[in-house]
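Guided by the hints, dock chains P and V onto chain H, whose structure is given.
One letter stands for each residue in the lines below.
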Amino acid sequence: MSFLRVRRLSAFYGSFQALFDVSLEASEGETVAVIGANGAGKTTCLRAIAGVLPVPAAAVCLAGDPVGGRPAHELVGRGVVMVPEGRRIFPSLTVEENLLVGAYRSRPGPWTLARVYDLFPILAARRRQPGPNLSGGEQQMLAIGRGLMANPRLLLLDEISLGLAPLIVRDLYRALRTIAGEGTTTLVVDQDVSQIMELAQRVYCLRKGAVSLEGRPAELTRARLAAAYFGV
Amino acid sequence: MVAALALAAAISLPAWGDASTMRILVEFIALLVLAQMWNLLAGYAGLVSIGQQAYVGLGGYALIVLADDFGANPFLAVPLAGLVTAALALPTAAIVFRFRGGYFAVGTWAIAEVYRLLIANTAALGRGSGRTLKAVFPLTRESREVTTYLLALAVGVAALVGVYLVLRSRHGLGLMAIRDSEPGSETLGIDVFRTKLAVYVAVAFGTGVTGALVYLNLLRISPDAAFSINWTAYPIFIAVIGGLGTLEGPLVGAALFFLVREGLSDHGAWYMILLGSLAVGVMLVYPHGLWGLVTSRWDVRLFPVQRRVRLDGGGADP
Amino acid sequence: MPWVDTVLQGLLLGGLYALFATGLSLIFGVMRIVNLAHGDLSILAAFLAVVAVETLGLGAFAALVLVVPLMAALGYGLQMLVLNRLLGRGILPPILVTFGLSIIVQNTLLEIFSADSRRLDPGGIETASVSLGGQLAVGWFPLITLAVAVAILAGLQLLIGRLSLGRAFRATSDDQETAELMGIDNRRLYGLAMALSLAIVAVAGVFLGIRTTFTFASGPDRLLFAFEAVIIGGLGSLWGTLVGGAVLGIAQTVGARVSPGWGILTGHLVFLAVLLLRPQGLFAKARRVA
Chain H
1 MSFLRVRRLS AFYGSFQALF DVSLEASEGE TVAVIGANGA GKTTCLRAIA
51 GVLPVPAAAV CLAGDPVGGR PAHELVGRGV VMVPEGRRIF PSLTVEENLL
101 VGAYRSRPGP WTLARVYDLF PILAARRRQP GPNLSGGEQQ MLAIGRGLMA
151 NPRLLLLDEI SLGLAPLIVR DLYRALRTIA GEGTTTLVVD QDVSQIMELA
201 QRVYCLRKGA VSLEGRPAEL TRARLAAAYF GV
Chain P
233 MVAALALAAA ISLPAWGDAS TMRILVEFIA LLVLAQMWNL LAGYAGLVSI
283 GQQAYVGLGG YALIVLADDF GANPFLAVPL AGLVTAALAL PTAAIVFRFR
333 GGYFAVGTWA IAEVYRLLIA NTAALGRGSG RTLKAVFPLT RESREVTTYL
383 LALAVGVAAL VGVYLVLRSR HGLGLMAIRD SEPGSETLGI DVFRTKLAVY
433 VAVAFGTGVT GALVYLNLLR ISPDAAFSIN WTAYPIFIAV IGGLGTLEGP
483 LVGAALFFLV REGLSDHGAW YMILLGSLAV GVMLVYPHGL WGLVTSRWDV
533 RLFPVQRRVR LDGGGADP
Chain V
551 MPWVDTVLQG LLLGGLYALF ATGLSLIFGV MRIVNLAHGD LSILAAFLAV
601 VAVETLGLGA FAALVLVVPL MAALGYGLQM LVLNRLLGRG ILPPILVTFG
651 LSIIVQNTLL EIFSADSRRL DPGGIETASV SLGGQLAVGW FPLITLAVAV
701 AILAGLQLLI GRLSLGRAFR ATSDDQETAE LMGIDNRRLY GLAMALSLAI
751 VAVAGVFLGI RTTFTFASGP DRLLFAFEAV IIGGLGSLWG TLVGGAVLGI
801 AQTVGARVSP GWGILTGHLV FLAVLLLRPQ GLFAKARRVA
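Residue numbers (this note's numbering), protein chains in the order written: chain H, 1 to 232; chain P, 233 to 550; chain V, 551 to 840.
Pulled out of the complex, with its shape left as it was, chain H reads as follows:
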């Protein structure tokens, strides 16, 4: 049985339809990539799963439980944790406080402050500094670490490479590999297709709010990807 099952998900912003009958699946421990051009609906998809957007209950199932439309804070309690687009570090909090607030729900699990500092040593060095003092890449690490502190069963990562240098992106993905190695089911949305293809076991491509392609990275040729991505 899939751990995460999204079934015929349609989502709206007011009267604007952003997703059209999107279906996707992730098995427990799997890393799934969702790629697509700007405006394809990737972030909307994540937000619907995370509980930020109102959707029908049956549209999103977690380990068989219909959880669609439940508020985000409730889903965190069930282990659905989103690392939002744009980092969204809390400016009034220090690095360490940002991490601690991630553990607000005190979910049991392997991730502790110490382990997050192990994964991202730079954060340990800057633990008492205000969040905004960090560079873009460091803030992204902080955002990911903050998400980990909630001990997620399903980790949703939205556009983590946005605005970052390739070297830093490589570091981030190395960390993601470690996280995935722990057995956390991960859903990654990113524009940097190359990194994501090396990481994921399964890929979905979205175009104009609908799934245009799905499969295992090894099976997908560049040509097919480009076609699904751009619609040419």
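Hints listed in this document are in silico derivations from the structure and should not be mistaken for laboratory results.
If you want the footprint, here are the derived chain V segments under chain P, 3+ residues with CB under 8 Å:
#, stretch
1, 569-583
2, 630-637
3, 648-654
4, 657-663
5, 771-784
6, 818-831
Cβ-to-Cβ under 10 Å is the rule here; a few derived chain V residues that face chain P:
#, residue
7, L586
8, G640
9, I641
10, L642
11, P643
12, P644
13, I645
14, F766
15, S809
16, G811
17, W812
18, I814
19, L815
Computed from the model, here is a short list of chain P residues facing chain V with C-beta under 10 Å:
#, residue
20, A326
21, V338
22, A342
23, R359
24, L507
25, G508
26, V514
27, V517
Note that CB positions come from ideal geometry on N, CA and C, so glycine has one too.
Leaving out everything else, chains P and V in the frame of chain H:
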């Protein structure tokens, strides 16, 4: 059509009505105008003031000073008092415009208190016991009452027409744009600060005129009465219950207000509790007020303003 | 040295003002709401204490044990049932609703307790004083008030700075949407903040009632003084609120000494002066203006 009939009836009232009816109508008009003014300020310009009593009091005192101390004709002194009030609104705005939102509201209240205390400590203005308007003594009681009433009618109509015209004008559009989105309207070239200031001063003028009118009617002024929070509370409740952001709302609200007051006139505190609860209830459950209820059922509009505003910030529809 | 005494009295009065101010600024910091019923709710607490004293024979301080939890529960209920329904609707609704509440509370108190002025009797302590040497003496009660104010401020500072709930407050204040992604239910959080605010304001109200007489109409002035203390001290700084309260208190006592009718007015004028000359307040830390 209905309006014309009502107006005709109102103008002819002195011929067939009695003095107490006229006095009540003056009060009604005063509250109605105050509600319209507050509605313009809060419902359109987005400036939520709970200190409008400052201008009621200033208008009242300006009337007495102009009429008694400077010998102005007491009836002419009413609009003059409005001008004085508007002039004082400028430095007041310089202070309160440093705030926004809830703190702006409390700031306006603080200023009203300052005015009250300053006047209550000034001997020439009668200190805590206040003053009486003496300039009307030479007139017969009847002619004073009738003239006051007609003046009130004129003020009421002028206020209604004035607000209507402002809202239909370019400035009115600008106002509603600011209300919906300040940054957005700035990019469109609307000078947000000046527009807000203009509205604030214009409302102060209207409120000051009304204050002068009230005390022309009552003849006796004191700081506690003139600067009472009720001069803000009543208009707010009227505007909210009637329907914020519409022209007809205050009319409906004022009518309800008077009905409730006549019904509960012996139970002073209860009618405030009822009105307050109604206002809170309206904000919670049906923010468009009574008039909103009417327009949602039957698409009536007494004063069509080109754009109809919605309170949930959802933008305007033509 | 009558002036030293006056200043001292003002300083101690500032402690009480700081208590009022703290509840107000807590709510504004977390939720961006100005609770216009703030003062009236403190007077409600004072009247509740009167009821506790008269019907249960409790001492004034003992009444706190009943009144504070009651007001905290009231705050939680108020937020959850009324104010939370206004979320996301802009600045107008909370202002109007809390204003309406202010009027409702005042008039309800008038109906139930009439216009008589009341006072809480703490059993002698309000007249006891301690000598500070020379001709200076301060009352025990104002000292206790200041001490309680400092203690509550310190406790609040600790909560906000060190505890999980305080972090949640700050995070929600920063970015309510992202805070939700941390598992923070902002509705419940706001309820807790309001409960805390009303608990503090209940203490302030009871202490006020011990210190001086009060009526159903005493609320609005409390709100004004709280507001002025917050602005003078500077937004975002709890200790600044204490200083703001002290400055306001001193201005009022000094002004009253010069001329009895000028006490409160002097406070207002000092507030205006700070607003004009140093609008961010004396200790501003906040990144936003009100």
